[in-house]
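Listed below are the residues making up each chain.
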Amino acid sequence: MDDQKIIKLLWQRAESVFEALAKKFGNRLMSIAMNILGVRQDAEESVNDTYLAIWNTVPPKNPDPLAGYVYATGRNISLDRLKYITAGKRDCRYDLSIDELENCIPAPALEETVEVKELGLAINRFLATVSADNRALFLRRYWFGDPVQEIARDLGLQENAASVRLGRIRRQLREHLIKEGYVDE
Amino acid sequence: MNEKVAKALSYVDEKYVTDAAKRKKKKTKYWISAAAAVLILALLFNMPSLPMTISAKAVSLASESRQMQLPDRDDYEDENAWQADIDKWRAEQKFLSDTTGETVDALAPFFTNGSAQFLSTQGSENRLWSPVNAYIGLSMMTELTDGASRQQILDLFGARDIDALRRQVGAVWESSYNDNGHEISALANSLWLEEGLNYNRDAMDNLAYYHYASVYKGDLGSQKINKAIGAWLNNNTGGLLKNESKNINLSPENILALYSTIYFQAKWQDQFKAANNTEGVFHAPDGDITVTFMNKKLAQMNYYYGDKFSAVALWLKNGSTMWFILPDEGYTTADVLADGQYMQMVLQQDWENEKWMKVNLSVPKFDVNSTLNLKDGFRKMGVTDVFEQGTANFSEITGDVPIFLTEANQSVRVQIDEEGVKAATYIEFPGAGSPAPPEEIIDFVLDRPFLFAITTESVPLFVGCVNQP
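Protein sequences, first through last, are from chains A and B.
Take the first sequence: its letter number 93 is residue 93 in the numbering used here, and every next letter is one higher.
Take the second sequence: its letter number 292 is residue 292 in the numbering used here, and every next letter is one higher.
Bound conformation, chain A alone:
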């Protein structure tokens, strides 16, 4: 079912939309939730909460693209759930990828004086400068939290090559952030 039809069902308040959402986005949402939470039961609850959040926000929202909105909602719900359950202390797959990313970000950008949104928009500006392939590689690793082996397989790369490219993209991100003024002392 295409995105327009799903949105139409949401606007019509048709409950069949839950099945449509699950069919179209369920696997990916489950993958995001598992990467972040690491426990199937928590992940399933997070995915169900995501469908409910979509139901509650569309309308009035009319997201385009729908997929990005659904995944972003799911990711935020999983991150909030992780914080609620363990106060951020559970070891999960997502920890590793965020740690990788954190290491390339200049310290000034992580200071309390820099708002989350400000850092997020700087990263977004950086992503606008890289190729679509590299952007997908970056986001699969750090946004979706997928393991490198899986991303490499999906994108037709050797695992080692994918790691090397990710390293290069992280260096470029660091340089970009420094250019934007987040200079290490």
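Please keep in mind that the hints were generated in silico from the structure rather than gathered at the bench.
For every residue, glycine included, the Cβ atom is placed at its ideal position computed from N, Cα and C.
Be aware that a few hints might be false.
Sample of chain A residues with no beta-carbon within 10 Å of chain B, all distances over it, derived [to be verified]:
1. Trp11
2. Leu52
3. Val58
So the derived list for chain A, only partly shown, Cβ under 10 Å to chain B, looks like this [claimed, not checked]:
4. Asp99
5. Ile105
6. Gly120
7. Leu127
8. Arg140
No farther apart than 16 Å at their CA atoms in a straight line, the calculated lysine to aspartate or glutamate pairs in the EDC-like style are these [stated by the list, open to error]:
9. Lys7(B) x Glu111(A)
10. Lys22(B) x Glu150(A)
11. Lys4(B) x Asp95(A)
12. Lys7(B) x Glu150(A)
13. Lys4(B) x Asp80(A)
14. Lys7(B) x Asp95(A)
15. Lys4(B) x Glu115(A)
16. Lys117(A) x Asp146(B)
17. Lys22(B) x Asp64(A)
On the provided structure of chain A, position chain B as indicated by the hints.
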């Protein structure tokens, strides 16, 4: 986990997220299709050029011809300035001619072996290829490859390094290029990239400058890009290959596609008279067929002869030459191709077996085409790595993405034409060895499978084996 970093990513544009998710499993293999060198010889027709509209994003656009135009005296107030530019023009012409000559010498084995590889057949089909187009197409690969993948191509072309090859390609391209609106010999190249491929900008610029290639990007395998490639082929072949160009159908697995064209159109310097044409028998491999012969009576021209063939050359108004090569009785076109001696004549390399004679010439009117996959022939000539997954090294374009070449197709169409009808005659040809022609007047009747070659500045634009005119 740093919560701030994790949350910051929530501000990434949802379009990027959607695209990243979609890219999952989009490409499982990375292929290049080097395809469709499309060539036309259209004699006696003036084809209108079509408007150039390509609905794909241009990464870089091909360099125009950089050849200096002959300075026109009317454009100069100062005669000395005009004379100085004339000297510059002459020096450039000499440089082009010398470099082209050296390049043709270096490429002679490629032209000879390639013609034997690609044109020899036991069957009855026509087979044609464009040596210069294959040369320029493969030379483009050197900008995209490194290591053994590049070296094998340099070795095949006898170039010591990539700079030498660039100089040679420039000279060959400029020598072959001619477009005065009536006589056209236009070479064009294009590279098509998958949208989002992380390409090396320098490599694209080098293709545009040194190989006169335009680079476009889009969603390869989509209808839109198939149509855009078709439009590009149409535009560069005068619209004469609409059947071929409308069938462009790249696979979604392709991330690069290379297209190379030559559009050639010229008039005979001494045209056939329609009233002298005849209907006659052509002894094709599958049996006799009736064809229209264009005839010249007692035309004065050079008659050429080798160990296994005889030949004549007709001049075209743009300075090009069309060679007609007929195997002697008892030999086939495959024998002549395998022997390779004819190429020495075509390339004008110290050829002495020729005599100025009166020739009664009969040439069948033909419109022949063929599509060949040159991949196996290239491999036999030593270019292997680019075709092998695992050994192909295309690092100059995409870094560490594994790419290999799946095909190297070349479509060629050659058409010669003249109106009129009249009777043809038969001839006896010299036997083995290289005797001088027996009489001052000779009949040269191409009434059985023969070879032809079209050259400009001794560069072979087309070579073909005509089994069925």
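Quick rundown of the hints versus the structure:
1. Trp11: Check passes; 19 Å lies beyond 10 Å.
2. Leu52: Holds, because the least Cβ-Cβ distance between leucine 52(A) and chain B comes to about 19 Å, which exceeds 10 Å.
3. Val58: 13 Å, holds
4. Asp99: Holds, about 7 Å.
5. Ile105: 7 Å, holds
6. Gly120: 3 Å, holds
7. Leu127: Holds, about 6 Å.
8. Arg140: Nearest chain B Cβ about 6 Å off; hint holds.
9. Lys7(B) x Glu111(A): 14 Å, holds
10. Lys22(B) x Glu150(A): 14 Å, holds
11. Lys4(B) x Asp95(A): Status holds; Cα separation ~12 Å.
12. Lys7(B) x Glu150(A): The given pair, whose Cα atoms are some 23 Å apart, is violated under the 16 Å limit.
13. Lys4(B) x Asp80(A): 12 Å, holds
14. Lys7(B) x Asp95(A): 13 Å, holds
15. Lys4(B) x Glu115(A): With Cα atoms ~9 Å apart, lysine 4(B) and glutamate 115(A) stay inside 16 Å; holds.
16. Lys117(A) x Asp146(B): Roughly 43 Å separates the two Cα atoms, so the pair is violated.
17. Lys22(B) x Asp64(A): 15 Å, holds
The structure shown violates the earlier hints numbered 12 and 16.
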